[in-house]
Amino acid sequence: MDKVGITSIAAYVPYYYVSRRTIGEAWAKKGAKGNRSIINFDEDSVTLAYEAAEDCLQHINREKIDSLYFASTTAPYAEKAHSALVSTALNLRNVFTADFAQCTKASTSALRLALDSCTCGRSKQALLTAADCRNAYPNTSSEQMLGDGAAAVVVGCENIIAVVDAFATTTNEITDIWRNAADTYISVAEERFVTKHGYMTEMVKVVKGIINESGIAIGDIQKFVFTTSNMKDHITLARKLGIEPAKVQDPYLMEVGYTGTAQPLFLLAAAISDAQPGDRILLAAYGNGADAYIFTITDEVKKLDKKMIEKYLVNRNEVKTYARFLSYRELLQADSGQPYNIKSSTAAEWRLQDTYIRLYGSKCKVCGKPIFPVNRVCYNCGSVDKYETFRAADRTVQVFTYTLDNYAGRSDFPLVGNIVADDFEGARYYLTTTDFRREDIQVGANMEFTFRKIHNLAGFVNYYWKLRPLRRVKGGEQ
Amino acid sequence: MAESIKDKVAIVGMGCSKFGERFDCSISDLLIEAAYEAYSDAKIDPKDIQAVFFGNVRANQIAGNPVADALKLGDIPIMRNSNWCCSGHVALINACMAVASGAYDCVMAIGAEKLKDTGFGGLGIGRGDSAVMENRRTAPGSFGLIATRYFSQYGLTMDEGREMLAKIAVKNHANGYLTPRAHFHKKITVEEVMNAPVIAFPLTLYDCCGNSDGASAAIITRSDIGRSMRPDPIYVKGFGMSMDSVMPHLRPNFNWTSFPALMNSSRMAYEMAGIKNPRAEIDVAEVHDCFSVTEMCIYEDFGFSARGKCKEDIDGGFFERTGKLPVNIDGGLKCFGHPVGASGIRMTYEIYHQLQGTVDNSERQLKNISRGLSNTFGGPPQFSCVFILGNEKG
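Going down the list, the sequences are from chains A and B.
Heads up: the first sequence at position 60 corresponds to 60 in my numbering, and the numbers run straight through without jumps.
In my numbering, each residue's number is its place in the second sequence (first place is 1) plus 478.
Don't read these hints as lab results, they were simulated from the structure.
Cβ coordinates follow ideal geometry from the N, Cα and C atoms, glycine included.
Hints may be right or wrong, so weigh each one.
[What the hints assert, rightly or not] A few chain B residues facing chain A, derived, Cβ under 8 Å: (1) 616; (2) 678; (3) 732.
[Claimed, not checked] Derived list of chain A stretches under chain B, where covered just means 3 residues or more per stretch with a C-beta under 8 Å from a C-beta of chain B: (4) 328-342; (5) 362-373; (6) 393-404; (7) 421-428.
Taking the hints into account, I'd like the entire structure generated from these sequences.
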């Protein structure tokens, strides 16, 4: 059998975080240690997934991606393919798309499908995205421990970073963590029951299973990636299995929180980016049963950015009030501000998806001038329908002029930055900004594009692009 | 080359409502207030009007019906246009062309806007066609872009630039203090402007005009008829109109300190009116000061100031009431507010009375003048109209 494995991996941490102390103080108690990441008001699981995937494709030829999987328990639509939307925002063409949902191990289930498709030759390169922004009942420990985030992996048979050596799985029918269809918040059964008959039973079983089936000794594994919803379960699990706690991947609960569906791949990204060629990593992910994988790291790991998560953690901003934590998650409804003058429509959204979702501009084949969006008549030479398209989303731009409007936004974030900016070819963009501090916005500053939800006019989520100070891209690289 | 319209048509009567938060008035009340003053000024009967050109952006019916409903003009043609802030000027220009063509002898241009029935302050969010591409575009957010770029382009610090703009606001408020029909009557200082709340950085509260209700009207006829109607008709010398795309923002190299629509519309109007040196030949101007920075931009694009040098003229008092070229001598949009469809004709109302010597407050009346200009600059901004009047033929 040809080798199959992970050929690229990335994680995404949203710009905002809240201290657990802030949440605790809202309920007149101390609050747990650390911070949890939270989405901005213009983010959801689709936009989180886009971010991780765009980062993951930095060294990958996206024309060769033939499958896109989207995994989340918090997808914005109850019915509609998010994978189709994310694949379009990523400018993928002719891809097989599928959504995975309803369970925190939807991501590792999708990973198995991606790997199997490559093994049997049906797929050459598959991109898997996982994102979550779950809500817990107010004044519960989960409210503090959950975190929002995303991760993405590319799976294939060439240029593999982490070769898959083994896989094992278990299934467990248990109502331990669940959310009814109409509910906003997750429900959690009695903690001792959940741990004993859910997480710990299945995780032990799946790890022992994969060790037995693969014949790889626990001692030959350098890093163990265990998903966990709290600060102690992964360590207890390690002790039960006779694994030194030092070999267990830090679950990023102190700075990010429990990211649900994203967590297995998020922590795997951390483990792989930190690994040496030849290292073995065991991943075990829980959710109504457990999935486990063993990977061997190759020399290709050297191309990965070792600071792929750190770069997001050092460039973020604290939300200092519980009220804002709630309103960004739309648990408190913000006044949307002055009414919109322009109507939206599903037909226009569909017709204009090359502009709205793919962020295409056109470059005149006669005079060579670029413009955004696609213009049929060239503004410079007047040629008609003689252009090639380009995707702007992976470019960076420089601010030409800007204004910071203090009254244009929602009641919970009235400040709106309007930015006019140019890319390296001279194409001009006019967009609002997000994930910024006032002082970040200056004439000449470098910005990057980010895919965001804009509003729900016409009864569906209208997505488009915004500009933000560099987070994904380093130092204004093109 | 096309024949110029110069001196072919004349304005023989004008009316202008009180501008302000007219919560107690409908658009009908505003139209009646402006139209009946214009009839009275022209000494005509409503039956003498053969066609109406109506400028309005926001009335619910997308037609000329608000005028028909209010004024009962007997089913004559009523042609409405909704060209953003220029709607009043477009109505005026269309009225002039209709008379010059010989189709009508006597027509009315009327503009009105009832902004205070929207239920919110401001003009709403979004311009253009796309619900997502301009999802948070407000008027202050559109014009603030000009200020940031101008300061950067010409090496002004934020404070220097903001002080320059503040002087424009202070000037207009000093003028508006003397104008009974204006919305705001408050003298302000540069310090007050600089310390006021920031609306859209770098523009503060006093850099922005208010939202008001108002209406204004003009009776337009052939010049020969006009002369028989009154001794002091005001002659139309020329006009210009230029429309750029709704998103000049997206055109590469669009420089944000100068607007093709402003340049083109003023050039056309100067050519028609035979004006070679606007800085010397224009005696009074009412220009689009929806924001102080808009007026600043117009100084340069209209040739009142040299490129990049308007600060010298602002500092030197060139555009003040006692200066060489008084601009917005009635207080401008800054003091009248901006009931969108009414503003162009309201500005022209001031020029008309300045040229006749019939201004409602003699402290504002200029002496020995012969040429006046009015201008609106609208949309996101991308559309400009210029209208030039004179009190003598030739």
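Verification of the hints:
Evaluation of the residue 616 of chain B hint against chain A yields a held restraint, the C-beta minimum of about 5 Å falling below 8 Å. Given hint, residue 678 of chain B at the interface with chain A, holds; its Cβ is 4 Å from that chain's nearest Cβ, closer than 8 Å. The beta carbon of residue 732 of chain B is positioned within 8 Å of a beta carbon in chain A (closest approach about 7 Å), and the interface hint is therefore held. With 6 residues carrying a beta carbon less than 8 Å from a beta carbon of chain B, the segment 328-342 of chain A meets the three-residue requirement, and the given coverage holds.
Only residues whose beta carbon comes within less than 8 Å of a beta carbon in chain B count, and the segment 362-373 of chain A has 5; three or more means the coverage holds. With 5 residues carrying a beta carbon less than 8 Å from a beta carbon of chain B, the segment 393-404 of chain A meets the three-residue requirement, and the given coverage holds. Coverage of the segment 421-428 of chain A by chain B holds [criterion: at least 3 residues with CB-CB distance below 8 Å; count 4].
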